[in-house]
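Chemist: Those protein sequence lines, which keep their order, are chains U and L.
Positions 47 to 259 (our numbering) are the ones given, in order, by the first sequence.
Positions 2 to 339 (our numbering) are the ones given, in order, by the second sequence.
One should not assume that every hint holds.
Listed next, with one range per pair, are the computed distances between beta-carbon atoms [unchecked claim]:
| no. | chain 1 | residue 1 | chain 2 | residue 2 | range |
| --- | --- | --- | --- | --- | --- |
| 1 | L | G331 | U | Q110 | 50 to 58 Å |
| 2 | U | N219 | L | F313 | 30 to 38 Å |
| 3 | L | G141 | U | S257 | 53 to 61 Å |
| 4 | L | G141 | U | E224 | 43 to 51 Å |
| 5 | U | P218 | L | R215 | 40 to 48 Å |
| 6 | L | I51 | U | Y239 | 29 to 37 Å |
| 7 | U | I192 | L | A21 | 50 to 58 Å |
| 8 | U | C236 | L | A32 | 45 to 53 Å |
| 9 | L | K257 | U | K241 | 43 to 51 Å |
Hints are computed from structural coordinates only; laboratory data are not their basis.
Beta carbons: idealized from backbone N, C-alpha and C, even for Gly.
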Amino acid sequence: MKEEIPPSEREATSLRLSRRNFIKGVIGGGVAASSAHYLFRASSLLGESSAPGDRLLTLNVNGQLRRADVMKQETLAWTLRYKLGLTGTKLGCDRAECGACTVLIDDVPHYSCSVLTHTVRNKKVVTIEGLANPDGTLHPVQQGVIDEQGFQCAFCMSGFILSAVGYLKTHPNPTRAELAHGLSGNLCRCQDYDKILTAMMRGAENLRKVSRA
Amino acid sequence: MAVIRDIMPAFQLLQPGTVADAQKLLAQHDADAWIMAGGMDSFDWLKDRIKRPKVLVDLSGIEELRGIRATADGVEIGAMTRLSEVVGHPLIKEKYGLLAQAAELVASPQIRNQGTLGGNVSQDARCWYYRAGWPCYRAGGNICYADTPVGRNREHAILHAERCVAVNPSDTAPALIALDAKFVVQTPKGRQVMDAEHYFVGPEIDITRMNILRPGFLLMAIQIPSTWAGAQFYFEKMRDRNVWDFPLLNVASAMKLSRSNIQDIRIAVNAAAARPLRLKAVEDAVRGRECSPATGEAAGKLAVQGAVPLQFNAYKIPLMRNLVKRAIGGVQEAAWAS
Ligand SMILES: Cc1cc2nc3c(=O)[nH]c(=O)nc-3n(C[C@H](O)[C@H](O)[C@H](O)COP(=O)(O)OP(=O)(O)OC[C@H]3O[C@@H](n4cnc5c(N)ncnc54)[C@H](O)[C@@H]3O)c2cc1C
Ligand code: FES
Ligand code: FES
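Could you put the whole structure together from the sequences, leaning on the hints where they help?
Modeler: Dropping the structure here:
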């Protein structure tokens with residue numbers, strides 16, 4: 047389902063407003079007296095599901111607005127993989143200890159296994175599926191991987207690429223050591239670090255060429 | 002321990018936009034509420050089903066808790082400021098580099114992008130047994146599983162252990178103590194400002210908590226006075242891997258020299274005890290003395306007085322002695338004389 051971006055902003059604003067109403071409702075009378083779709087009873091207990099509308103979110107993922115029914119306790123990795131079908135994001139440890147699940151949230155690398163989906167309502171999420179141009183041209187960092195054949199099994203690859211893309215946004219011209227530090231939150235169980243780093247350095251170079259052009 | 006790769010048990014998620022709203026929600030839900038900042042300490046508890054809060058109060062939408070501001074006398078850092086913002090902030094780097102160094106060594110880039118300064122100083126112990134849900138002292142029981150002849154206690158305390166031998170694992174806490182930071186805490190009864198070292202508590206005061214926070218309390222901000230701005234700083238952290246791993250021990254010091262003499266100093270270590278330790282005896286002993294390897298060596302010896310090793314952590318005693326020595330006397334190649 048594709049929409050234009052502007053409605054997202056309207057949507058986001060209305061969500062913010064209804065959220066504020068909701069909190070007021072909770073504080074005021076113990077019951078959220080709002081007609082917005084965020085309505086749910088303040089007394090809703092553990093395990094008891096709240097009003098269905100309360101879980102419906104519109105997320106900005108890879109520049110598209112995607113609607114999903116998301117539980118409060120659901121992580122972003124879970125939503126991306128199992129609700130939105132974006133299985134390029136991998137789950138390794140589910141404990142913020144491997145980096146396989148790395149995605150960009152407002153351009154900054156995060157472990158999506160350790161982010162609640164409901165906290166990214168008004169943010170922009172980018173996954174590996176969102177890097178290439180719609181015409182199929184790969185992102186310069188992806189191209190770097192092809193150029194250098196940087197991975198073995200590549201389970202860790204999407205996480206590494208998103209870490210690199212995020213890091214390069216703020217450090218476009220890193221030394222090899224600096225880039226290694228920038229990518230240090232990602233593990234590779236095939237231990238292919240040297241080639242991965244070479245590929246990412248090539249990606250950085252490709253990116254500089256593209257942005258100069 | 003089995004790693005459960007399922008969805009966390011359900012909770013209510015409340016996302017207040019102001020401190021006032023947060024306080025009301027916390028008052029309303031009292032002990033049922035769990036405060037979530039970046040969540041990097043919280044999620045393990047929730048995913049492992051060790052802690053089962055009914056309500057999560059997410060502070061990430063509260064603007065007033067974020068940001069780094071210059072004040073008349075130093076700098077104020079909102080509790081919700083991300084560690085990577087602390088690391089990259091020009092004022093922190095230029096004048097309070099000790100904190101930037103410490104924050105930079107926390108965990109991994111992604112964790113620093115999400116973990117907050119307030120969460121880092123408020124995080125819970127990482128003792129294996131406690132985190133795995135064993136009913137130990139810290140969890141309200143009446144045994145310590147780590148303090149037994151076969152307990153896995155390589156990471157545990159060498160100082161001030163009392164029944165519980167877990168340590169405080171924060172890297173930024175000792176840096177903040179060395180910088181003489183003040184913690185601003187909102188309690189249901191009003192605002193309190195306290196010295197960094199008084200924010201933390203050991204098992205002799207409360208065995209189930211690492212700090213003074215109780216239900217309804219909010220850490221608002223951390224203020225660093227200009228007293229130590231631009232002083233001579235030293236931070237060193239020992240860990241097994243250079244990423245992710247918590248400190249086996251760390252040291253943070255701020256020193257003012259007049260010629261080659263130590264005019265004044267503050268020094269603290271963490272991961273040695275259940276709370277970060279300010280080494281006051283060391284400060285008093287070296288003040289006025291020459292800043293030299295010999296002074297460092299004497300300081301190191303003094304620092305570990307009274308240390309008691311467990312089965313697998315005796316290495317921490319020479320480690321702490323050496324880190325204190327290096328912080329004061331500089332990094333030397335030579336090994337210990339004795
Ligand atoms: C794999 C891994 C490795 C790590 N390695 C290190 C390391 O090497 N060094 C290190 O220092 N840390 C390390 N950490 C800990 C991490 O840095 C901290 O967990 C993180 O900084 C906590 O911040 P947070 O905002 O994510 O905390 P949260 O999980 O949101 O909060 C932590 C605790 O503090 C409470 N809290 C948070 N903010 C407030 C507030 N404003 N008022 C009242 N209560 C509050 C919460 O209720 C919770 O109990 C590691 C964590 C992980 C997962
Ligand atoms: S799956 Fe998220 S860091 Fe490993
Ligand atoms: S290439 Fe196999 S995990 Fe990295």
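Chemist: Kindly indicate which numbered hints from before are broken by the structure, ordering the numbers from low to high.
Modeler: Per hint list: single violation, 2.
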